[in-house]
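Based on the hints, put chain X in the right spot on chain H.
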Amino acid sequence: MDLRDAELLTDEAHAQLRLVEASARHAEVVGVYLADMEPGANGPEPTHFREAFRRTGPSNYAHGKQAEL
Amino acid sequence: MYAYNDFDAAFVAERNRQFRAQVERRIDGSLTEDEFKPLRLMNGLYLQLHAYMLRVAIPYGTLNSAQMRQLAYIADRWDKGYGHFTTRQNIQYNWPQLRDVPDMLDALAEVEMHAIQTSGNTIRNVTADHFAGAAADEIADPRPVAELLRQWSTDHPEFQFLPRKFKIAVTGSPNDRAVTAAHDVAIRITEREGEIGYAVLVGGGLGRTPMIGKVINEFVPQEDLLPYVEAIVSVWNLLGRRDNKYKARIKITVHEHGIDEIRRLVEARFAETKPAFNGADLDLFETIKAHFTAPSFTNRPVSAYTRAYDNDPVFRAWADTNLSDHQAEGYAIAQISLKAHGETPGDATADQMRVMADIAQEFGHDELRISHEQNVILPHVHKDDLPVIHARLKSHGLATANIGLVSDIIACPGMDYCALATARSIPIAQEIATRFDELKIEHEIGDLKIKISGCINACGHHHVGHIGILGLDRAGVENYQITLGGDHTETAALGDRTGPGFSAEDIVPAIERIVDAYLDHRDSAEETFLQAYRRLGMAPFKTALYGEKADKRSEAA
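As given, the protein sequences belong to chains H and X, one line each in that order. Numbering-wise (my numbering), the first sequence opens with residue 1 and increments by one. Numbering-wise (my numbering), the second sequence opens with residue 1001 and increments by one.
For the record, the hints were derived by calculation from the structure and aren't laboratory data. C-beta atoms are modelled at their ideal positions from N, C-alpha and C, and glycine is treated no differently. Warning: the hint list may mix true and false statements.
[Said to hold, decoys possible] Far from chain H, by Cβ distances over 12 Å, these chain X residues were calculated: (1) Glu-1033; (2) Tyr-1052; (3) Asn-1094; (4) Trp-1095; (5) Asp-1106; (6) Phe-1159; (7) Lys-1167; (8) Lys-1214; (9) Asp-1224; (10) Thr-1321; (11) Pro-1387; (12) Thr-1422; (13) Lys-1440; (14) Ala-1517.
[Stated by the list, open to error] Facing chain H, according to a computed beta carbon distance under 10 Å, are these residues of chain X, among others: (15) Pro-1038; (16) Ala-1051; (17) Tyr-1309; (18) Asp-1347; (19) Pro-1413; (20) Ala-1421; (21) Arg-1424; (22) Pro-1427.
Okay, chain H solo, but in the shape it has when bound:
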């Protein structure tokens, strides 16, 4: 899964609907939530550092998503 291809949702009602749909896929994902993003050159960019860390991985080892890229 490439985060550069992620879709940016701008309509709140649409976002809530997508959240409900995502939450229903409980065999694939856990802990689903909506995160604030803004458009960037390489797809949506998180506005908060928490999501920025989540989409890379920990800073002390090259583990997590950064290792899979």
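Okay, now just chain X, sitting in the frame of chain H:
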């Protein structure tokens, strides 16, 4: 050390069998995450930012070499080749796959370990002084008491759905190395006219409302301990605020009702619990005690130690900082620092775990300890073996001579792993340690404990650090608040906030300014940071942090 009996082994096997079935049902979709969550939390399995995390209890911080080797095996086989030792004598695996967790638990059971009650609103892993059974200042070994409490609290039917988590720590020495005053219940072994008993404190805790525990009973006789602790938990179980999780811990109950009222209620409840204990607990305690007899120490010369100490400055520096006094002549307690400069505090690779296990087996009566300060201890080593031990540790990056110094930093996992964190802790610890190593002044600075938490829950014990650092999220940016003057020992104290926090870029220079101010103001090299802070107060440190003007302004305000 304690060895499982048939009951223990059957109990753990049954729990693992149940959990395996629960995991299967989660994976095949019969259970949702919401349904599975309470089940996984019964077995120490958390969900963090990048993956699941398995928290394994190391009861009272004691491990033998076989157990340490198994922890290494689990790290290699099902994780990423390392483990993280925590401030509550647990080890955490950060990258398990859900489908592998039942196998990990079975592997733990092979060496009499488990992850039961390392999460959830239960009585958690009972911790103890990491020098237990070895320290020169010890009245009695706290581990039999801790093991008794572990057996009593494990699956205790009355205490599986407490208002909140509940933590107990035990020390057998007047010098408190187990941060007991920051626990829901502290048990301090004391002696009165030749009789062993327990001073019991209640209502300590860190987190968003830090409190130092208060004495509820100066002397609980040995035979009353379990019914007395049961009375405490039982009183809180009914009184504790289940309406608000931020007010549910016993520290708030004690604060709201007052220690005198709590004492009265506990005494009343004790009158009921005491007759219900028929003496089986005392028989059990005697059985447990027999598992903790001291190893047979030998009396031999320490000439190799003296020779190395006199001729090898690297060994001497390590011996000066990492060794402590042992009960037995010719022996020492050796601390293995998991705080190599620039590395993650508390992390050990599988290879390092095996090296430590081998040393413990060959030279250390097969014993290892994990400290709340996230280091590993060889509690019983003969001084004459220390040069060989040191050389072996050195070749595996385990001979850092910094115990109790500025780079021996406690740090929680912070936002690099933890779903609750508001900022990162690990990189801050790495940068501070690296900076002071570059300056080559940490031995000159001397005893200085820096403790870092990445959120208000205070797993990194920042309130009781000589210098405490708390990472927060201020308007979407990491911000670090500083406290000074905290103390985790028998003279426990909470640190005072210096003022506004610092950004991730500015926090390391800020810490350096505090340390420089200490070096400028101390009356001699013998005056420690904490002593200097107690003598001088906040003012010179505030000036160092914020400048003259800011200091004046805050005094006027």
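Checked hints:
1. Consistency note on Glu-1033(X): stated as away from chain H, yet its beta-carbon is not over 12 Å from all of that chain's, at 5 Å minimum.
2. Residue-level check failed: Tyr-1052(X) sits 9 Å from the nearest beta carbon of chain H, not beyond 12 Å.
3. Remark: the non-interface label on Asn-1094(X) conflicts with the geometry, its nearest Cβ contact in chain H lying 8 Å away (cut-off 12 Å).
4. Remark: the non-interface label on Trp-1095(X) conflicts with the geometry, its nearest Cβ contact in chain H lying 7 Å away (cut-off 12 Å).
5. Distance check on Asp-1106(X): its Cβ is at least 24 Å (rounded) from any Cβ of chain H, clearing the 12 Å threshold; non-interface status holds.
6. The claim that Phe-1159(X) is not at the interface with chain H holds, since no C-beta of that chain comes within 12 Å of its own (minimum 28 Å).
7. Chain H leaves Lys-1167(X) outside its interface by the beta-carbon criterion, the shortest separation being 26 Å against a cut-off of 12 Å.
8. Even its closest Cβ contact with chain H, about 37 Å, leaves Lys-1214(X) beyond 12 Å, as expected for a residue assigned away from the interface.
9. Even its closest Cβ contact with chain H, about 45 Å, leaves Asp-1224(X) beyond 12 Å, as expected for a residue assigned away from the interface.
10. Look at Thr-1321(X): its CB is around 24 Å from the nearest CB on chain H, clear of 12 Å, so calling it non-interface holds up.
11. Non-interface call for Pro-1387(X) relative to chain H: holds, since the shortest CB-CB distance, roughly 32 Å, exceeds 12 Å.
12. Separation of Thr-1422(X) from chain H is inadequate, the least Cβ-Cβ distance of about 8 Å not exceeding the 12 Å criterion.
13. Non-interface call for Lys-1440(X) relative to chain H: holds, since the shortest CB-CB distance, roughly 24 Å, exceeds 12 Å.
14. Against the 12 Å criterion, Ala-1517(X) stays outside the reach of chain H, whose nearest CB is about 29 Å from its own CB.
15. This hint is violated: Pro-1038(X) has a C-beta 14 Å from the nearest C-beta of chain H, more than the 10 Å allowed.
16. A cut of 10 Å between beta carbons decides the hint on Ala-1051(X): the least distance to chain H is about 8 Å, and the hint holds.
17. Interface hint status for Tyr-1309(X): violated, as the beta-carbon distance to the closest one in chain H is roughly 35 Å, over 10 Å.
18. Hint status for Asp-1347(X): holds, given a least beta-carbon distance of 8 Å to chain H, under 10 Å.
19. Interface hint status for Pro-1413(X): upheld, as the beta-carbon distance to the closest one in chain H is roughly 8 Å, under 10 Å.
20. Taking 10 Å as the C-beta cut-off, the interface hint given for Ala-1421(X) holds, the closest approach to chain H being about 8 Å.
21. At its closest, the beta carbon of Arg-1424(X) sits 6 Å from a beta carbon of chain H; the interface hint therefore holds under the 10 Å criterion.
22. Because the smallest distance between the Cβ of Pro-1427(X) and any Cβ of chain H comes to about 5 Å, under 10 Å, the interface hint for this residue holds.
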